[in-house]
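I would like the entire structure built from these sequences, with the hints used as guidance.
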Amino acid sequence: MDKNKKTFTLAALADRLGLTIEGDPDTCVSGIATLASASADQLSFYHNSKFHSDLKATRAGAVIVAPDAVADCPVDKLVTDNPYLAYARASQLFAAGESYDPGVHPSAVVHATAVLGRNAIIAANTVVEANAYIGDDCVIGANSVIGSGCSIGQLSSLHANVVLYPNVHIGRRAIIHAGAVIGCDGFGFARDGAKSVKIEQLGGVRIGDDVEVGACTTIDRGALEDTVIEDGVKLDNQVQIAHNVRVGENTIVCGCSAIAGSSTVGKNCIIAGAVGIINHVNIADGVTVTAMSLVNKSITTKGVYSSGTGLSESALWKKNIVHFRKLDELASRLKALEKELEHLKGGKK
Amino acid sequence: MDKNKKTFTLAALADRLGLTIEGDPDTCVSGIATLASASADQLSFYHNSKFHSDLKATRAGAVIVAPDAVADCPVDKLVTDNPYLAYARASQLFAAGESYDPGVHPSAVVHATAVLGRNAIIAANTVVEANAYIGDDCVIGANSVIGSGCSIGQLSSLHANVVLYPNVHIGRRAIIHAGAVIGCDGFGFARDGAKSVKIEQLGGVRIGDDVEVGACTTIDRGALEDTVIEDGVKLDNQVQIAHNVRVGENTIVCGCSAIAGSSTVGKNCIIAGAVGIINHVNIADGVTVTAMSLVNKSITTKGVYSSGTGLSESALWKKNIVHFRKLDELASRLKALEKELEHLKGGKK
Amino acid sequence: MDKNKKTFTLAALADRLGLTIEGDPDTCVSGIATLASASADQLSFYHNSKFHSDLKATRAGAVIVAPDAVADCPVDKLVTDNPYLAYARASQLFAAGESYDPGVHPSAVVHATAVLGRNAIIAANTVVEANAYIGDDCVIGANSVIGSGCSIGQLSSLHANVVLYPNVHIGRRAIIHAGAVIGCDGFGFARDGAKSVKIEQLGGVRIGDDVEVGACTTIDRGALEDTVIEDGVKLDNQVQIAHNVRVGENTIVCGCSAIAGSSTVGKNCIIAGAVGIINHVNIADGVTVTAMSLVNKSITTKGVYSSGTGLSESALWKKNIVHFRKLDELASRLKALEKELEHLKGGKK
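Residue numbers (our numbering), protein chains in the order written: chain A, -15 to 333; chain B, -15 to 333; chain C, -15 to 333.
Worth flagging that the hints you see were computed from the coordinates, not collected in a lab.
In this list, chains with the same sequence are indistinguishable; a pair is considered to hold if it fits within one copy or across any two.
Below, computed lysine to aspartate or glutamate pairings styled on EDC-like, alpha-carbon distance capped at 20 Å:
| hint | residue 1 | residue 2 |
| --- | --- | --- |
| 1 | LYS179 | GLU214 |
| 2 | LYS310 | GLU322 |
| 3 | LYS182 | GLU214 |
| 4 | LYS(-10) | GLU184 |
| 5 | LYS182 | ASP215 |
| 6 | LYS251 | ASP269 |
| 7 | LYS281 | GLU297 |
Quick look at the structure:
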């Protein structure tokens, strides 16, 4: 696992991550591991009381801890109020740098009118079409295709086999994972009798800064106006964003969720995995939708929302769904009983 | 947004789309926009009464309207009984043409036995295997792979990074979006104790004319016979079509839906997003299935079908699913009450 | 359909598949078809009583049957206790061999430090990064990208446009379908106020022997430790495996299912299509989860599990979901009625 082989002293980590050392500043760590598995040359972190016994028994070289856990940590400590955030930042120090050779690979096909920023890396077999703009310090992974008129902001990375259709605009520091397709046609047809007549999708896609797009995620271009992914949004793998959707700042959309046409999701939302959001609905800021829920109407108030039945053994489930199909009848029968009972009681008085 | 920059007079649009002009035939428009956002050099359309106030206030250069809306439109009009269909056709006029250079890109790898039709465009880094047939006026996007023995009818377009396995047959005027994979193996195994023995998928895939296949959609080849997508079918992004499925003419399947092995979907159906259809079921013509429903049995009658619970706040939802799990018991208790009450009433007589 | 054109005598098939001939050992078959459609030069098989009338009327050249069906088969027979398993093995004989040219295609970009085994086939436009290891008799499909430090065991096949990120390790005899992405970043962030700080994913992916991975399936690398797919696992198309998931030996995961972070699935499980499994749950060995179920808690006991409501006509469904949202209230009303009735009966005594 070469990816995990940089070495830092605690002094260097404390300096770069803004942490306080309790222990030997010269202790060296060359990777990150869990409290249970870390060895003496690795860093760990403690952020959740369910790992308390692991903390007390850890053999890590050092642990990132909050002040109230210092006493229970048997090894060197890096102290911070938010150990999980410090772990995230530390992970970035330990991550491997890009392995691509600098510059434009000779097998890449770059149109004469495309503009490449300083230090941009264009990997093998990549295709960059006319008038595309690749910002400074960008990396375009192998076998990717950048459509005509696209722009990519500085310090962005596209992994292998990414496709940008024409006129897709991506901000700075974006990470686009392999197999993602951005700017494909929205799914729009007018009916001519039984036949579907294609509505050409004349809009584009605009993606803000600091956005991450997962592997095999698809983002459609707009019908007339653009589909918009705002700054700081994180989309997991196999997410589907339909035409003219707008996803608000810093919202997180987990794997396999789908947002249908013209719907909007507010800022700072958490859309869990495999959620479906129908078309033309609006979701307020700060909403959480739990896994595999169907959002079939707008959500106007911040809060946590769910659908589904929960899991059962199939034998019981089969019995229960029979009654789900009769729930309206069942409710009517209950109401009738209540009336009769009321009547009966009245008659008794 | 260069994609939206062709210019037409109203006279030209009326002529090409079969519309009637009310206003100045020399008015020029060079793009399409919504009633609310269109400027004087843009065309708009009015098809839904919810935009009635936008119509009355529009600053568009011209609007496509039905006869009964002419009076409320303050600018030049193109009149038709079906404005939405006319908009669809107009969108095709305003769409950008293909940006690919003509012919076979020097970086493409085309087998000596492959046959390319007149004006076929084979983009950079494309691979075309033995005995493949690419029809006249087809476009094969960059980094796509066309397997041996495939055929693609005239005027079809494959976008970038499409993969056709061997022996996939696609009709005329198809549009296959980036990242789609057609002809991959159906998921078939025989059990040998705990182990799964692969059943080789010896069938192919046949796709009709005028079919559109979305980005990252997957269509499996058949086990023995072919998987079939009939004429005019439109599949959105991330749809999964398993082996030996047949999808009937002009049916629309929205994003992220999945159809399991050997099931058939009739003609003119609408399968909304994220629907699951289990294996070996048949769906009649003209059926609509709403978003995220599970079709766990055949549907023999035209109509609209749904499953799921609808969305609730999670706190309430958690209480409700407890009772869903006891629905059979709850129904039994209700029945017992009804009996007792009947008995009680009888006793009172 | 060239893929289906090898010819075998029944004697040869009996020998290679361990079957008993009843009939003429010199009968030749050159393909496999269903009982209903097979012609005299094709092999068929009978494994399910619902095809009994097809068996009696078949015109196949020969049929694979169990001993108890011999009497009802009008043509030559290959007899075995498990005809379906014999069909699977026969399908492998009739499948076409690889169509790729041997060796490294001149358009492939293979890093000087990569190691290629004997007879490895590296197709057109493939990219193999530094220190990758490709085992003997492997096939790497066109336009695939093999990241640095990856290893692939002997006799494995990757189809076109597969992406392996760095440090992905795949066992022997694996089949990875087109568009699959393995080793992409797990979806991990720490919150810094409203912003998400990326947690670099420092683990890798380890895939065992005899694993099949479907088209456009995504498997994330681990956060600290590896994501693990054990021997004999079969993943269908568009499956999503999140970071640090472990899928146990011989488990089958059907199309479009998703397993969220750090969850484990036992051995010999069957996860049907479009199932969602939330994060940090554990599923016991031998569990079956039916289509489109949400696993929102651990499953500790072998068995069959489900969720969802089953399908209804939408008009009825809309009435029923109103009551689902009030199920807790409805249950309370039922309980109140039971009490009142009890009281009433008590009062009558």
